[in-house]
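Trainee: Below are the chains, spelled out letter by letter.
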Amino acid sequence: MFRSVEISVGIFVGIGLAALFMLAMQASNLSSFTNKGAYQVSARFDNIGGLTVKSAVKAGGVKIGQVSNIDYDSETFEAIVVMNIEDKFSRFPRDTIASIFTSGLLGEQYIALEPGGDIKLLGNESEIRFTQSAMVLEQLIGQFLFSKSENNE
Amino acid sequence: MKGIIHILARLGRGSIFLTKILSGIPQLFLRFSLVVQQLYSVGVKTLFITMVAGLFVGMVLALQLYYTLSTFGATDTLGMLVDLSLVRELGPVVAALLFAGRAGSALTAEIGLMKATEQLSGLEMMAVDPVDRIIAPRFLAGFISMPLLAGIFSAVGILGAYSVGVDLLGVDSGAFWSQIQAKVDFYDDVFNGIIKSIVFGFIVSWIAVFEGYDCIPTSEGVSSATTRTVVNSSLAVLGMDFVLTAIMYQ
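Those sequence lines, one after another, are chains A and B.
Read left to right, the first sequence gives residues 1 to 153 (our numbering).
Read left to right, the second sequence gives residues 1 to 250 (our numbering).
Honestly, the hints are just simulated from the structure, not real lab data.
Virtual Cβ for every residue (Gly too), placed ideally from N, Cα, C.
A couple of the hints might just be wrong.
[Said to hold, decoys possible] The calculated lysine to any residue pairs, modelled on SDA-like cross-linking and capped at a C-alpha distance of 20 Å, are:
no.	chain 1	residue 1	chain 2	residue 2
1	A	Lys54	A	Ala24
2	A	Lys58	B	Lys45
3	B	Lys45	A	Gly14
[Claimed, not checked] Every beta carbon over 10 Å from chain A, so not counted as near; a handful from chain B, in silico:
no.	residue
4	Gln64
5	Asp83
6	Ser145
7	Ala175
8	Phe202
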């Protein structure tokens with residue numbers, strides 16, 4: 001009698017742990033990206049738009065890392081974005097361009113890296129010098145209206 | 001006025017009782033078979049209702065969200081929405097409510113009847129502390145079972161949502177899982193849900209064993225204590241859920 005109690009408790013705890021394991025590995029981001037062994041690159045932007053920590057870093061549309069920290073430099077009045085890039089994608093040339101794009105019309109913002117042609121590579125904790133800021137919708141509409149009124153005159 | 005003093009006195013008795021239980025827990029690890037037996041009656045017997053409820057909750061969530069999302073053409077995010085609502089809220093809360101109804105009421109009735117039939121005083125006469133021998137194993141078993149049950153509830157719910165969303169309604173299987181893995185964060189979402197279920201397990205087990213131990217030792221007293229367990233622990237779980245959510249997701 002007591003043996004069957006022990007066995008069923010064992011099955012219960014086993015199922016419970018399996019469920020927690022499934023939630024961790026299959027139903028969350030724990031398995032998809034880890035910050036361990038990642039290499040860090042920073043970039044300065046005039047305007048980062050809606051970029052947040054944990055936003056994706058993509059190259060050629062493939063997610064290769066994520067934003068780990070966002071700070072504001074009050075001397076140069078620029079935003080500093082630190083990205084963690086997975087180690088196996090660490091071979092970017094030094095003249096790589098970092099731009100902030102939006103996925104879809106109303107989607108999230110992400111950083112796209114476009115590799116240049118330099119032979120020298122970006123080292124760990126180096127800075128990307130060529131950046132392109134986020135498009136802010138109000139600015140775009142403002143520019144559009146401005147050019148429209150100029151045409152009418 | 002008399003009612004307020006009565007409530008305060010109960011709260012005080014409950015807190016003193018809790019410290020007694022907690023001081024009785026370390027010696028339980030020497031006689032863990034007591035806890036295993038209670039894990040059977042508290043956890044294993046609640047497993048079936050939790051799994052069935054989780055399955056249906058997941059399936060209903062998938063159906064409801066699918067019809068709303070299809071008007072926006074965003075049915076690919078179905079898996080992510082189901083996962084987030086299960087892991088953050090429904091898993092811990094609904095599993096705790098089921099636990100209060102299925103296991104908490106049984107705990108109160110069992111302990112209350114032991115008191116009514118003077119088994120607890122009998123133990124005391126034999127110089128066995130009823131809190132260490134009867135109450136603490138039940139409390140610890142409830143505390144261990146609750147996170148496991150909440151995890152099972154969420155996992156089964158996601159599988160139910162998968163069967164309805166992917167097999168029945170035609171959401172893409174790859175989009176279902178990739179949206180989940182892209183948007184659900186382990187620490188912010190899954191881990192906070194587990195913390196919630198640990199807190200709920202503590203509250204429900206505490207209320208259940210206290211109501212049983214504190215009941216008036218008559219058949220009427222046991223029945224009203226059982227009712228109070230279900231009502232109070234359900235309300236405490238829902239109230240505590242609001243507080244925890246406010247702290248976790250600022």
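Trainee: All hints, please: hold or fail.
Mentor: Hint check results:
A C-alpha spacing of about 18 Å is found between A:Lys54 and A:Ala24, which places the hinted pair at or below 20 Å, so the restraint holds. A threshold of 20 Å between alpha carbons decides the hint, and for A:Lys58 with B:Lys45 the separation of about 49 Å lies outside it, so the pair is violated. Only pairs whose Cα atoms come within 20 Å are accepted, and B:Lys45 paired with A:Gly14 is accepted, the gap being roughly 15 Å. Even its closest Cβ contact with chain A, about 19 Å, leaves B:Gln64 beyond 10 Å, as expected for a residue assigned away from the interface.
Not every CB of chain A is more than 10 Å from the CB of B:Asp83 (nearest about 5 Å), against its label as outside the interface. For B:Ser145, the shortest C-beta to C-beta distance to chain A comes to about 8 Å, within the 10 Å cut-off, and the non-interface label is violated. With a least CB separation of 14 Å from chain A, B:Ala175 remains clear of the 10 Å interface cut-off, as annotated. At roughly 17 Å, the least C-beta separation between B:Phe202 and chain A is larger than 10 Å, which holds for a residue marked as non-interface.
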